[in-house]
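Sequences are here, hints too, so could you generate the full structure?
Take 0 as the starting number for the sequence shown in our numbering and just add one per residue.
None of these hints come from the bench; they were simulated from the model. Any given hint might turn out to be false.
Keeping only pairs whose Cα atoms sit at most 20 Å apart, straight-line, the calculated SDA-like set for lysine to any residue is [to be verified]:
1. Lys66 <-> Arg175
2. Lys94 <-> Gly106
3. Lys66 <-> Gly44
4. Lys208 <-> Tyr170
5. Lys197 <-> Glu120
6. Lys66 <-> Tyr98
7. Lys197 <-> Ser163
8. Lys62 <-> Gly29
9. Lys197 <-> Arg114
10. Lys208 <-> Glu32
11. Lys190 <-> Glu120
12. Lys190 <-> Ala169
13. Lys208 <-> Thr131
14. Lys208 <-> Glu164
15. Lys208 <-> Thr130
16. Lys208 <-> Asp198
17. Lys208 <-> Thr22
18. Lys190 <-> Glu164
19. Lys208 <-> Arg24
20. Lys66 <-> Lys190
21. Lys208 <-> Gly29
22. Lys66 <-> Ala46
23. Lys208 <-> Lys190
24. Lys208 <-> Ala23
25. Lys208 <-> Cys160
26. Lys190 <-> Gly177
27. Lys197 <-> Arg175
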Amino acid sequence: MRLLAATVALAAGIGTAAAEDFTARTGGPGADEMLARATAGAPDGLAFFRPVLSGVLYRAGFKGGDKGRTGLSGAQRTALCESGFSGAFYADFGKNTDYGTTGCGAGTLEYRAARSSRPAEVMQAIHAAVTTPGSGPVLVHCMWGVHSSGALSAMALVQFCDWSEARAKAYWDEARNGAPCSGGCDAWIDKKFDGFRKDPALTISAAEKAAICPN
Numbered sequence: 000m001r002l003l004a005a006t007v008a009l010a011a012g013i014g015t016a017a018a019e020d021f022t023a024r025t026g027g028p029g030a031d032e033m034l035a036r037a038t039a040g041a042p043d044g045l046a047f048f049r050p051v052l053s054g055v056l057y058r059a060g061f062k063g064g065d066k067g068r069t070g071l072s073g074a075q076r077t078a079l080c081e082s083g084f085s086g087a088f089y090a091d092f093g094k095n096t097d098y099g100t101t102g103c104g105a106g107t108l109e110y111r112a113a114r115s116s117r118p119a120e121v122m123q124a125i126h127a128a129v130t131t132p133g134s135g136p137v138l139v140h141c142m143w144g145v146h147s148s149g150a151l152s153a154m155a156l157v158q159f160c161d162w163s164e165a166r167a168k169a170y171w172d173e174a175r176n177g178a179p180c181s182g183g184c185d186a187w188i189d190k191k192f193d194g195f196r197k198d199p200a201l202t203i204s205a206a207e208k209a210a211i212c213p214n
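What follows is the structure in structure tokens.
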């Protein structure tokens with residue numbers, strides 16, 4: 000399957016994204032991985048492609064931003080699908096995006112819109128990725144890969160890994176790579192978290208946490 004996936008990615012001009020095992024639940028990513036500017040095998044055209052929850056949640060943006068707000072290309076969706084991803088969300092942008100389902104030899108990828116101020120649907124998709132046998136990881140991305148995708152990732156760390164809100168906000172701040180925020184960065188992330196509450200229905204087991212949560 001990996002050889003087939005790599006062949007599809009190369010044919011699509013995506014590099015070696017699909018040759019990487021993004022589905023492995025290896026005990027959680029390290030801090031260096033979570034803050035890396037680039038991850039080996041990331042689909043071509045994506046920036047700040049980073050793990051958040053091993054084998055379950057990744058985040059990204061577009062190199063140079065997505066000024067047309069057209070979202071992931073068909074080739075990028077196919078590469079993610081062949082890499083085992085089951086879902087992707089474009090957070091806070093994508094007004095010209097053609098969302099929907101992409102099929103591939105490995106299964107299907109469901110591409111949807113999301114709002115960082117209303118994270119419930121994204122949290123539900125992440126929970127399904129953790130608890131549903133055979134489900135692949137989810138990608139959350141925004142235009143640049145530092146603000147909205149980071150906010151949803153920080154919320155996921157609170158929801159599924161029992162991080163404190165303060166620790167999650169500090170992660171968001173460090174991972175934004177110095178990008179400015181309208182109205183100030185503390186106020187920006189505080190406002191996003193104002194609409195977030197842990198959902199007790201989305202619990203996962205201690206073993207599942209150990210397999211996916213950062214150290």
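Hint check:
Distance restraint check for Lys66 and Arg175: the Cα-Cα separation of roughly 19 Å lies within the 20 Å cut-off, and the hinted pair is therefore satisfied. The hinted pair formed by Lys94 and Gly106 fails the criterion: a straight-line CA distance of about 26 Å is larger than 20 Å. For the hint pairing Lys66 with Gly44, the CA-to-CA distance comes to about 13 Å; that is within 20 Å, so the pair holds. For the suggested pair Lys208 and Tyr170, the alpha carbons sit about 18 Å apart, so the restraint of at most 20 Å is met.
A threshold of 20 Å between alpha carbons decides the hint, and for Lys197 with Glu120 the separation of about 13 Å falls inside it, so the pair holds. Of the supplied pair hints, the one linking Lys66 and Tyr98 holds, its CA atoms being roughly 17 Å apart against a limit of 20 Å. Proposed proximity of Lys197 and Ser163 is supported: the alpha carbons are some 11 Å apart, at most 20 Å. Distance hint between Lys62 and Gly29 is unfulfilled; the C-alpha atoms sit about 24 Å from each other, more than 20 Å.
As the CA atoms of Lys197 and Arg114 are separated by approximately 16 Å, the hinted pair is consistent with the 20 Å bound. Taken as a hint, the Lys208 and Glu32 pair is honoured in the structure, with Cα atoms around 18 Å apart against an allowance of 20 Å. Of the supplied pair hints, the one linking Lys190 and Glu120 holds, its CA atoms being roughly 18 Å apart against a limit of 20 Å. Of the pairs offered as hints, the one joining Lys190 and Ala169 holds, with about 15 Å between alpha carbons and a cut-off of 20 Å not exceeded.
Straight-line distance between C-alpha atoms of Lys208 and Thr131 comes to about 15 Å, which keeps the hinted pair within the 20 Å bound. Of the supplied pair hints, the one linking Lys208 and Glu164 holds, its CA atoms being roughly 17 Å apart against a limit of 20 Å. Among the hinted pairs, Lys208 with Thr130 is consistent with the structure: their alpha-carbon atoms are about 11 Å apart, no more than 20 Å. At most 20 Å may separate the alpha-carbon atoms for a hinted pair to count; Lys208 and Asp198 meet this at roughly 16 Å.
For the hint linking Lys208 to Thr22, the alpha-carbon distance of about 15 Å falls within 20 Å, and the restraint holds. The suggested pairing of Lys190 with Glu164 holds, with an alpha-carbon distance near 13 Å, which does not exceed 20 Å. For the suggested pair Lys208 and Arg24, the alpha carbons sit about 10 Å apart, so the restraint of at most 20 Å is met. Distance check on the hinted pair: Lys66 and Lys190 sit about 25 Å apart at the alpha-carbon level, beyond 20 Å; violated.
Using a Cα cut-off of 20 Å, the hinted pair Lys208 and Gly29 holds, with the two alpha carbons roughly 14 Å apart. At most 20 Å may separate the alpha-carbon atoms for a hinted pair to count; Lys66 and Ala46 meet this at roughly 14 Å. Straight-line distance between C-alpha atoms of Lys208 and Lys190 comes to about 27 Å, which puts the hinted pair past the 20 Å bound. In summary, the hint linking Lys208 to Ala23 is supported, as the alpha carbons are separated by about 14 Å, within the 20 Å threshold.
Simply put, Lys208 and Cys160 have alpha-carbon atoms about 6 Å apart, close enough for the 20 Å limit, and the pair holds. Distance check on the hinted pair: Lys190 and Gly177 sit about 19 Å apart at the alpha-carbon level, within 20 Å; holds. This hinted pair does not check out: Lys197 and Arg175 have alpha carbons roughly 23 Å apart, beyond 20 Å.
Of the numbered hints stated above, those contradicted by the structure are hints 2, 8, 20, 23, 27, listed in ascending order.
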